[in-house]
Amino acid sequence: MKSKSGYIIGKIIELILTLLVVSLLVFIAFSVIPGDAARVMLGPNASDSQVELLRAELGLDKPLVSRYFSWLLGIFTFNPGVSYSYSIDVSELIAQRLPVTLGTSAIAMIMVIIVSYPLAILSARKPGRLGDQICSVIGHVLFAIPPYVASLLLILLASSVFSLLTVGNYVKPSDDFFGYIGCLLLPSFAIALPKIAMSFKFLRSSIIEQQSSDYVRTSKSHGLSDFKILIRHVLPNSNVSSITIISIIMSDILGGSLIVEQVFNLPGLGRLLLSAVQGRDFPLLSGIVFYIAFITVILYFISDIASSFADPRIRLK
Amino acid sequence: MTRHIHIVKVHHLSLSFPTKKNPNPKPVLDDVDFGIRDGEILGLIGNSGSGKTMTSLAIAGLLPENAEITGGSIKFAGNDLLALDPKERRAMLGRDIGMIFQEPSTALDPLMTVGKQLEEILTAHKDPSMTSEMRQKTITDMLELVGFTNAVEILGRYPHQLSGGQRQRVLIAGAALLKPRLLICDEPTSSLDTVTTVSILELLKDLCHKLHMTILFISHDLSAVRGFCDRVMVMKDGKIVDKDVASEILTNPKNSYTAELLTNARLDTRILGLEPATVDYSTSPVLTAKGITAGYGRSLFERVKKKAEKKDTNILHDVSLDVYPNEILGLIGGSGSGKTTLIRTLLGLLPHEGSVKIKSSSIGAIFQDPVSCLNPSHNIKWHMSEALRASGKAAKGTDTMARITAVLEECGLSAEFLSRRPDELSGGQRQRIAIAMCLIQKPALIIADEPFSSLDASSSAELLKLMTDINREHHTAFLLITHNIHIVRQICPRLIVMHDGRICEEGTTTDVLNNPKSESTAALLEAERQIHGI
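Chain order of the listed sequences is G and H.
Following the numbering used here, the numbering of the first sequence begins with 3 at its first residue and continues without gaps.
Following the numbering used here, the numbering of the second sequence begins with 101 at its first residue and continues without gaps.
Chain H extracted, bound-state conformation (with noise of 0.2 angstroms):
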């Protein structure tokens, strides 16, 4: 049993950004009133905008300088924090106050190393009995704490030097390191493949005991805190609209924009019924790769390093794959896996030994990230044309604008979105340009690196019947990487498991789901079924 007793009370706090021109903005926070119960991991659930993370950064003392607190107050173990000097407020974190951030990828210090990114912690809230080994002891402990068993060799290592989930736990050592007595995690684990997200959040529940910590645990994703938290709290618009304790929400959501957050992160129900065109396995494949071994770093100088050396540098290790014609191949696997590097290199963007064969003029590729792919300069006429051009296949005046304007409406965009620019688009909306722009191309093969990631479930939904639609009418084979297995289950009728940079299992998709031969296989889909419920 959790002990009813507040470490912190927000109370009635409302918050604003005013400007010169509206000095009284609609509120960012309004009347926000809530406690965290000493011991208790509450989650904080909201999409974004709704107000969570400024929550957060109200509690920590973090508010951007022209946020404005209108009303209420912050009471952390009986203290009123918002009466305190912005100097005793700093003071405070670390030593009271963790927080871990969403991008463990840029939130350490690239030039400094991991152990004198944590002993900066111990020397800014200055202990003067503490000397430099006990320091070294203290901080090589909470390394092992949060699970690496080789501490002192990490101590030494640059961020760049570990994965995205190692990071996570380092950043996790930095705020655990004073052993604080509120944790705030804002989205840890959102940017983590699934594996490492089940190990990061056993690592977080297993901390809350053992240092008796209390956690605050903001996610935009409802099935995150599924098993995880001991109660929930929904936000909209700057409003906690709903808490309860977490089986409950989770179950019997009473209010109706819980229930509306729950259906929307179950993408399973939405995407029954799609069709995938038939594969006619005889057929030669549009795509054939053979022993593709690949790396970075390759240039002319280490090349005569590395024979030298005989040091095996290489990230894809002998992977041969085909793609038939009309087909959806699915290919998963763990962060690190290779996935992406595979990628690159069927598109021609990193030398490699081996052969690639392609049956067709063009291939089209979308990825992960759609606000980076396209040119915030220039409107979606432009990135039409463009992609156009680049296929050879343009032809002049009228002809071209009709041909572009067919295929954004087969895309689901009407003919209005040709002037729109980029930022003037909706994730899904990005995507589906991505789509479009591939699509005018008319390509034998698209490959999708991870197309869903940054969607919403609505919008992946959508996105997925857009894919299998051009699959079926245009007879385009994809080969598509996912971390998601209902995506998967759906409709790819083929999948490759890849780890280590090699392929560790292939086969029809229910095969390879139903029974796993490989362990990494099993890893995957235990941590899907723990995450996702599946």
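Just chain G, with the same shape it has in the complex (with noise of 0.2 angstroms):
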């Protein structure tokens, strides 16, 4: 049998790896894009000696091999290099924009989390009443609602119809903590509402087979009341599952509040990306997609880790 710390250590080795592979991916990927980032930065009128000038300033004049294991030693000692298009360290300009990405995607899966959990509780009890059909009805046209819609709508709603937040204006988390909080709680719900009928429904359908198992029958042979069946049977074995789902979600929250930023005109990732691309950034670019594929794969990682305290058999395999 296969120890805890034996399993711990093969998938830091895993996560490594993968780390390693999507580098190599994202390297390739900006390496093939046509166009010239010197040329970009210089505009249409440079001359062909002022491009080749710059291109050997920026290192791009050296071997593809070369530039790799420079970027891979600037990736992973968080130091990726000055971006071109706002002459700023690249990590400076990701770490002022992570505070709105990562925390509408933190609300967000709060919201998740504390909603579909007890209703799926409480749909699942008596699986088929009206208030179940209801449940799912909702969660049903909730799902099919993708979140750049949702933010309109509840742009549309919170500032019209209720006058209850100002829209579009941000305030950082050093200046005003409720303030930041209360300007991400409306594209966090965007973000959130379909993945809450996504959770709901999951969860809902696992703990109904998880209450139909031999083991429940067996704990109530031997008195225990439902309540404790369900805290200490039921949730437990319904989470094995649910936790690959939920880092599933949680990735997917993540791309989501890229999109969701625009529409509420926040200051975060998605917004910074969009304008790397625009200028063929490379450094910017690569950084920002280097690490959200990095917290993407540190989610599944967490989760994998989690998924093997809360399963017994999982080291096993």
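In short, the hints are calculated from the structure, not lab data.
One or more hints might be untrue.
[To be verified] Only pairs whose alpha carbons sit at most 35 angstroms apart, straight line, appear in this in silico DSBU-like list of lysine-lysine: (1) H:Lys-187 <-> G:Lys-203; (2) H:Lys-354 <-> G:Lys-222; (3) G:Lys-230 <-> G:Lys-128.
[To be verified] With beta-carbon atoms standing in for the labels, derived distance ranges: (4) G:Phe-311 <-> H:Gly-607: 48 to 54 angstroms; (5) H:Gln-261 <-> G:Phe-71: 44 to 50 angstroms; (6) H:Ser-435 <-> G:Phe-145: 41 to 47 angstroms; (7) H:Gln-261 <-> G:Ile-18: 30 to 36 angstroms.
Heads up, the beta-carbon is just placed ideally off N, CA and C, and yes, glycines get one too.
Make the complex out of the two chains shown on their own, each in a separate frame, by following the hints.
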């Protein structure tokens, strides 16, 4: 039998290998895209010799392999270089924008969990009853609304109907933490809505499945109350499968946040990414893409480790 | 002598499952009336769907929500159970009534250690005077009572780290932990092999005496209650059709249905006269396996680690065997002896060391569970065509259909089955389809992994006849895994016995069965004798 530490070490090796593959893919993708950063920076009127000079300055004239390794070193030491278009360190740019994207994602994730879990438990208690059916129908509708449409509807509701929140203003967390949370609530909700529906649907069916399993019958025959069986047996078992789903939802939310930022006019990574694409800003672009991939891979890594703690059988496989 | 005081009295109980469309359906239990005497072991026998499980669930108060008791009463130690509220009834479970179920592999929570699951029973029935140490002591004592010599070690194990028999022992320990007066056993041995079955039955009998428990023992198999129950009741269509002292009912059944059940349970009389093909052992074998060593969990990373640790997780150790043309080679062994792993290796489904040589383009396989082996969303025609396509011997158009119907007919199924789906077939029919799917590929060898274990005696007999017919007419060799000694004696000229991943005995069937040389073969035969009375 494999020990827990052995399993985690194996997973860490897997994580590092995955990150290397991701870095290679990101680098190759941006190297084969047509377009020359030096020419874009200097404008259409620059002479060939000027462009060559800048290429040499940026290190673009070096062979691909050596460029990859120096880029890789930069990425892993959190120093991916200076942005062509902003002339600021990429890591500094990302650090400025990260609170918006991470904040929106975290709030959305919390919303997903605190709404979908109780609803799924209530719905699964009496499947097929009226309450369950209503929840399911609402779930289907929410599931079908893409976040950017939900965003527009929410902006309309919040600003013109209820005049509750000022949309489009961003407050830094260092200035006013609650103001920061407040301005991220609506975008987070827009991202969370379809994910709540997804997570509700999944949890509900997983709880119903566990409730009819043999060990629940055994627990009943031992005289345990329904509530105890739910807390001690049904939920931990349904969590085993939901951990994977939750981690998929998390990375989805991260992607969704990049889009919703645009609609709510928030200075997050999404907008930075867009301007980096337009300016052929390779250091910035590759930095953002790699770090987002990095966060996603870390999320999956955490979910694997969490699964192994939740399910003793996983360490055997 | 048992005391004639009824601990449970079921009085004219009727139960049905009404729906909106049909508010008065046919009752599932129809005027069931019986008593369980204090200290006895009462057997409740009947085919599936006869209402025996519903009777036990009604006593325990664990009926499905849509069940409705339409009449009668259930008294436990004088108290009317149906008058109690659900919470009180639930609290009686574990304390006054214990239950064990059919499938020990899924009856324990996979995420919780044995110790935690057992402790939960003690904490659910709150006894404030009990400290944590006292609970541990109660649990280890009970685990020792059910036969664990390493009780403390078992406490920290997860269910997947236990064998089927061990799991059933843990479940019995849980059910008996609070020393309930009544223990309901719903087919506790039906998924266990014969050796384990005998030991579990002995344990239950022992507990019955030591803890002064009364046992209600439910089974579909009459032979399982032989020598175990004091009295036996027979159920059919929700009614009790016969009840008597066990010795009487098993030897001189007065009721015609009981007599029918008894004959059905006896496979041995039905298979007499089956003729397998004669085997020429001088020809070269259809299958030769040499030095097979295999196990699970052999990913690249594991292998590197294994080499470093020199730890052996192999299930099979240096197994070699030959199957000759025309032969039906028997393979027996207790559970966990490596039979199924060997099959998986021979079929190429598991990485292994050693060599497997097959002198044929295709080998067929049929498995234990005919329900999950067929695709529920496709009909039989699709299954047959798929098998034919997979063999690479498919022809175009009507030719294919003619061949499919011919093979089906040979397997005793008419062309009308072509449009049926697996759930519209009986277990025996499904197993025939599995054979037909092999046969259409014209294999030189069919590997059959306990194909009879989920079938009743009459379906098994028909399937056996089909297999011997195929063996004679198509000269197809079989490698037959079974735990039924009757079948082996009848149709296998040669026999292999496995134990702990090794072949412990090999030879002609008469030699092996009459003069077993290894201990494990002797134990296997002894258990068979106790259960099936050979």
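Hint-by-hint comparison with the structure:
With a CA separation close to 30 angstroms, the supplied pair Lys-187 (chain H) and Lys-203 (chain G) stays within the 35 angstroms bound. Distance restraint check for Lys-354 (chain H) and Lys-222 (chain G): the Cα-Cα separation of roughly 39 angstroms exceeds the 35 angstroms cut-off, and the hinted pair is therefore not satisfied. Taking the CA atoms of Lys-230 (chain G) and Lys-128 (chain G), the gap is about 17 angstroms. The hint holds against a cut of 35 angstroms. Taking the beta carbon of each, Phe-311 (chain G) and Gly-607 (chain H) are about 51 angstroms apart, inside 48 to 54 angstroms as hinted.
The hint said 44 to 50 angstroms for the Cβ distance between Gln-261 (chain H) and Phe-71 (chain G), and at roughly 47 angstroms that hint holds. The hint said 41 to 47 angstroms for the Cβ distance between Ser-435 (chain H) and Phe-145 (chain G), and at roughly 46 angstroms that hint holds. Gln-261 (chain H) and Ile-18 (chain G) have their C-beta atoms about 31 angstroms apart, which keeps the hinted 30 to 36 angstroms range intact.
The structure is inconsistent with hint 2 alone, although it conforms to all the rest.
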